[in-house]
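Given chain A's structure and the hints, the job is docking chain B onto it.
As given, the protein sequences belong to chains A and B, one line each in that order.
Residues in the first sequence are numbered from 0 upward in steps of one, following numbering that gives the first Met the number 0.
Residues in the second sequence are numbered from 0 upward in steps of one, following numbering that gives the first Met the number 0.
Everything labelled a hint here was simulated from the structure, so no lab data went into it.
Errors might be hidden in some of the hints.
No distinction is drawn between identical chains; accordingly, a pair holds when it is met within one copy or between any pair of copies.
[Claimed, not checked] Calculated cross-link-like contacts (lysine to aspartate or glutamate; reagent style EDC-like; alpha-carbon spacing at most 16 angstroms): (1) LYS179 <-> GLU138; (2) LYS66 <-> GLU126; (3) LYS179 <-> GLU126; (4) LYS145 <-> ASP160; (5) LYS66 <-> GLU46.
2 protein chains.
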Amino acid sequence: MIKSHQSAAARPHPVSLRRRGPVLERAILESALEQLSTVGWHGLTMEGVASGAQTGKAAVYRRWPSKADLVADALRAGFPDLDVAPDHGSIREDLYQLCRRTRDAMLSRSGSALRSVIHECDGATAERLHGLIVTGVIEPSTRLFKEVVQRGIGRGDVRSDIAGELIFDVIPGIMMYRTKVCGSEWPDEELAEMVDQVMLPLLRPARA
Amino acid sequence: MIKSHQSAAARPHPVSLRRRGPVLERAILESALEQLSTVGWHGLTMEGVASGAQTGKAAVYRRWPSKADLVADALRAGFPDLDVAPDHGSIREDLYQLCRRTRDAMLSRSGSALRSVIHECDGATAERLHGLIVTGVIEPSTRLFKEVVQRGIGRGDVRSDIAGELIFDVIPGIMMYRTKVCGSEWPDEELAEMVDQVMLPLLRPARA
Chain A
0 MIKSHQSAAA RPHPVSLRRR GPVLERAILE SALEQLSTVG WHGLTMEGVA SGAQTGKAAV
60 YRRWPSKADL VADALRAGFP DLDVAPDHGS IREDLYQLCR RTRDAMLSRS GSALRSVIHE
120 CDGATAERLH GLIVTGVIEP STRLFKEVVQ RGIGRGDVRS DIAGELIFDV IPGIMMYRTK
180 VCGSEWPDEE LAEMVDQVML PLLRPARA
Chain B
0 MIKSHQSAAA RPHPVSLRRR GPVLERAILE SALEQLSTVG WHGLTMEGVA SGAQTGKAAV
60 YRRWPSKADL VADALRAGFP DLDVAPDHGS IREDLYQLCR RTRDAMLSRS GSALRSVIHE
120 CDGATAERLH GLIVTGVIEP STRLFKEVVQ RGIGRGDVRS DIAGELIFDV IPGIMMYRTK
180 VCGSEWPDEE LAEMVDQVML PLLRPARA
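Chain A with its partners taken away, still in its complex shape (with noise of 0.2 angstroms):
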């Protein structure tokens, strides 16, 4: 993950900065998304990211030919990390612990970028974006829950009759929803209450 919380325009300008690879990659990034929260897509441009990164228009277009390519890689590399699930011994706690994690991907600074930029690029780009919450959150988070709950079903805290797709749609449906039509940031509590309200009576078994 990307972090930076002092703009990088505002950094005095070094006598020299000789970075390669990697390492220039990260700084043109980081660059790159801090120019979308502050300015937005329209006023993102190659020469201003090369100017926050501190190097030369030349070093951008070499990696990334187009401001879509360049945008599209700095939201996706600024995405937490959705790669292990939670393990702690008990359904709610690997849920509670997986809901927090999906909440921070959305309130990343790329979850926030991508949602206000969306609907200021054109439709080609703003479907190429719409693709990045999928495969950056949704596809990521949906994988991570059902771990979670076969984990469950396995461990006996989780019926094992669960039928169909949709039962993984609930938690970033309501989270969704609930951002949209309420502005819910979701504070831990609130998680915890659609854990105790409406996961654990959906999952729990039978006879339990």
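Positioned in the frame of chain A, the structure of chain B alone reads:
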């Protein structure tokens, strides 16, 4: 509900068209909804609406001081009724019928126009239109959903220990989520699956 499959503007202009009160009002609202669906927020003009309703601009301005007022009323009038809860003697059938009506409201001309127009207009108007989704679809369908669940508790096919309000966000949440993420238009079979795979396990009494 307002119905018209023919463009008002395309109809031949009758020699005399003296309509008053509700009849004229309905024609104006219908024309506004028609314009909104075809030319969008930016394309809609008070003149265009008046012409589509075969009346004068003054008749429009007399009732609606601004475009935003007119559009809000037109959208409101175009939503199907969500007043009376279905009552078929089983939670399964009641939920299914309620899901169908919620889907029909989402896919109504007002629902579709709202979704596309909300990104076109300025912040204050967008906020107002967002409020229309809440008062025109979300609040009434949630009220009916609660009624249906309450009746199920009385009948005994819904558990009596339901806690909190989040359970009532499951159906609209999944519907919004799959509409946005997979582009689902919610055919009846998919609604039935949601009821069977998610809502019945979530609501059934513990020792069923």
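Each hint, compared with the structure:
In the homo-oligomer, the alpha carbons of LYS179 and GLU138 lie at most 16 angstroms apart only across protomers (14 angstroms), although the nearest pairing inside one protomer, at 20 angstroms, exceeds that limit. In this homomeric assembly, LYS66 and GLU126 come within 16 angstroms of each other (Cα to Cα) only inside a single copy, at 15 angstroms, whereas the closest approach across copies is 31 angstroms. Taking the shortest alpha-carbon separations for LYS179 and GLU126, only the inter-copy value of 12 angstroms comes in at or below 16 angstroms, while the best intra-copy value is 20 angstroms. With identical chains, the CA atoms of LYS145 and ASP160 are at most 16 angstroms apart within one copy only, with a shortest distance of 14 angstroms there and 27 angstroms across copies.
Proximity of LYS66 to GLU46 under the C-alpha cut-off of 16 angstroms is restricted to the intra-copy arrangement: shortest distance 11 angstroms within a copy versus 41 angstroms between copies.
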